[in-house]
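K.L.:
Here is how the chains run, residue by residue.
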Amino acid sequence: MIKYMEIKSSKRSEFIDITGHIQNLIDKEISTGDGICYLYVPHTTAALTINEGADPSVKRDIVTTLTELIPHVANYQHMEGNSDAHIKASLFGSSEVLLIENGRLALGTWQAVYFCEFDGPRERKLAIKIMEG
Amino acid sequence: MIKYMEIKSSKRSEFIDITGHIQNLIDKEISTGDGICYLYVPHTTAALTINEGADPSVKRDIVTTLTELIPHVANYQHMEGNSDAHIKASLFGSSEVLLIENGRLALGTWQAVYFCEFDGPRERKLAIKIMEG
Amino acid sequence: MIKYMEIKSSKRSEFIDITGHIQNLIDKEISTGDGICYLYVPHTTAALTINEGADPSVKRDIVTTLTELIPHVANYQHMEGNSDAHIKASLFGSSEVLLIENGRLALGTWQAVYFCEFDGPRERKLAIKIMEG
Numbered sequence: 463m464i465k466y467m468e469i470k471s472s473k474r475s476e477f478i479d480i481t482g483h484i485q486n487l488i489d490k491e492i493s494t495g496d497g498i499c500y501l502y503v504p505h506t507t508a509a510l511t512i513n514e515g516a517d518p519s520v521k522r523d524i525v526t527t528l529t530e531l532i533p534h535v536a537n538y539q540h541m542e543g544n545s546d547a548h549i550k551a552s553l554f555g556s557s558e559v560l561l562i563e564n565g566r567l568a569l570g571t572w573q574a575v576y577f578c579e580f581d582g583p584r585e586r587k588l589a590i591k592i593m594e595g
Numbered sequence: 463m464i465k466y467m468e469i470k471s472s473k474r475s476e477f478i479d480i481t482g483h484i485q486n487l488i489d490k491e492i493s494t495g496d497g498i499c500y501l502y503v504p505h506t507t508a509a510l511t512i513n514e515g516a517d518p519s520v521k522r523d524i525v526t527t528l529t530e531l532i533p534h535v536a537n538y539q540h541m542e543g544n545s546d547a548h549i550k551a552s553l554f555g556s557s558e559v560l561l562i563e564n565g566r567l568a569l570g571t572w573q574a575v576y577f578c579e580f581d582g583p584r585e586r587k588l589a590i591k592i593m594e595g
Numbered sequence: 463m464i465k466y467m468e469i470k471s472s473k474r475s476e477f478i479d480i481t482g483h484i485q486n487l488i489d490k491e492i493s494t495g496d497g498i499c500y501l502y503v504p505h506t507t508a509a510l511t512i513n514e515g516a517d518p519s520v521k522r523d524i525v526t527t528l529t530e531l532i533p534h535v536a537n538y539q540h541m542e543g544n545s546d547a548h549i550k551a552s553l554f555g556s557s558e559v560l561l562i563e564n565g566r567l568a569l570g571t572w573q574a575v576y577f578c579e580f581d582g583p584r585e586r587k588l589a590i591k592i593m594e595g
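Residue numbers (our numbering), protein chains in the order written: chain A, 463 to 595; chain B, 463 to 595; chain C, 463 to 595.
Honestly, the hints are just simulated from the structure, not real lab data.
Treat each hint with caution, since some may be false.
Counterexamples of contact, computed for chain C against chain B with all Cβ distances above 12 Å [unchecked claim]:
(1) Y466
(2) I469
(3) S471
(4) E476
(5) G482
(6) Q485
(7) L487
(8) T494
(9) I512
(10) S519
(11) K521
(12) E530
(13) E542
(14) K550
(15) S557
Cross-link-like lysine to any residue pairs, in silico, SDA-like; alpha carbons within 20 Å at most [stated by the list, open to error]:
(16) C:K587 with A:L567
(17) B:K473 with B:K587
(18) B:K465 with C:K587
A virtual CB, placed ideally from N, CA and C, is assigned to each residue, including glycine.
With the sequences and hints as input, model every part of the structure.
P.N.:
Written out as structure tokens, the structure is:
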């Protein structure tokens with residue numbers, strides 16, 4: 463069964479750490495077993511990524527560099543003023559597949575799972591499906 | 463079982479909406495249940511992405527911006543003249559994992575699933591595997 | 463069960479072909495059946511991609527072009543000097559999902575699976591989970 467998590471962003475571009483929320487869901491659903499965790503963003507100007515959770519300057523560097531490569535204002539045809547956010551969403555991707563080992567997300571020491579807002583502030587949702595096995 | 467879908471592109475860079483085809487396969491295979499839909503592109507100059515299906519100017523902006531960042535002609539070593547297409551394929555990715563809820567692809571309101579041709583026109587195929595659960 | 467593969471990179475940026483290793487694991491675990499192969503990189507400056515395995519100039523072009531777009535030295539805030547590697551890791555992604563058909567990775571003719579080192583040389587590991595079905 464898909465669970466939907468509500469996410470509220472507060473800036474135009476923002477990486478929101480959702481690792482704890484996902485682990486809480488796993489705790490409830492499969493306890494100490496192994497499994498797969500599927501994440502899916504049902505939006506066209508947001509995405510997911512996994513990157514460093516320790517030093518917040520890493521996510522700032524990612525957001526800044528992306529915006530230098532794909533500026534907010536340019537010669538875009540789409541009239542809503544958010545083509546850059548659509549492009550970033552495609553580059554980062556709408557889904558992630560995580561492994562679960564002994565009831566824990568099998569992340570690396572420095573990894574956090576981020577919901578990537580590229581056209582906020584908005585109210586978003588994230589689809590999460592956890593399967594044992 | 464993997465099903466293979468034939469795709470014929472007509473331009474060098476082209477995003478082809480395959481959402482309806484995938485939904486048709488799901489209708490036949492799992493009817494009203496839940497599941498996972500795995501998509502895989504067995505080519506090195508094509509990819510998959512999920513983005514806006516309503517306004518076609520979004521996909522034009524994505525293709526145009528990608529080509530500004532990664533030009534067709536540059537100082538590439540690969541002699542086939544399609545290094546840009548290989549690079550775009552790696553940035554967008556060869557696979558997507560979609561969720562199925564009550565027999566429907568769990569997409570957002572504005573989302574469509576695109577096969578991304580970066581070195582067409584060509585005849586391509588897409589591997590689709592649907593699993594109930 | 464997750465299997466961990468050890469990978470030793472020898473340069474700062476390097477694409478290491480891991481196709482054969484993954485196929486060997488599949489041979490042992492599911493022999494001639496169908497299934498899914500989940501790959502996950504538990505590092506924040508490395509990633510995975512699928513691209514051409516035949517001509518090594520393709521991977522050189524990918525690495526070179528990425529480094530032109532996202533230089534090693536720039537006005538980054540993160541003090542460890544590897545922000546470019548974090549950004550490249552997010553663009554390429556930490557996971558891949560591959561299909562298995564009759565005991566073989568369902569890759570295209572020219573495809574190889576690469577572990578992408580962006581901040582080597584280092585000792586890395588890759589999580590691999592193979593599920594029949």
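K.L.:
Tell me, in ascending order, the numbers of any earlier hints that this structure violates.
P.N.:
The structure conflicts with hints 9, 10, 11, 12, 14, 15 and 18, although it agrees with all the remaining ones.
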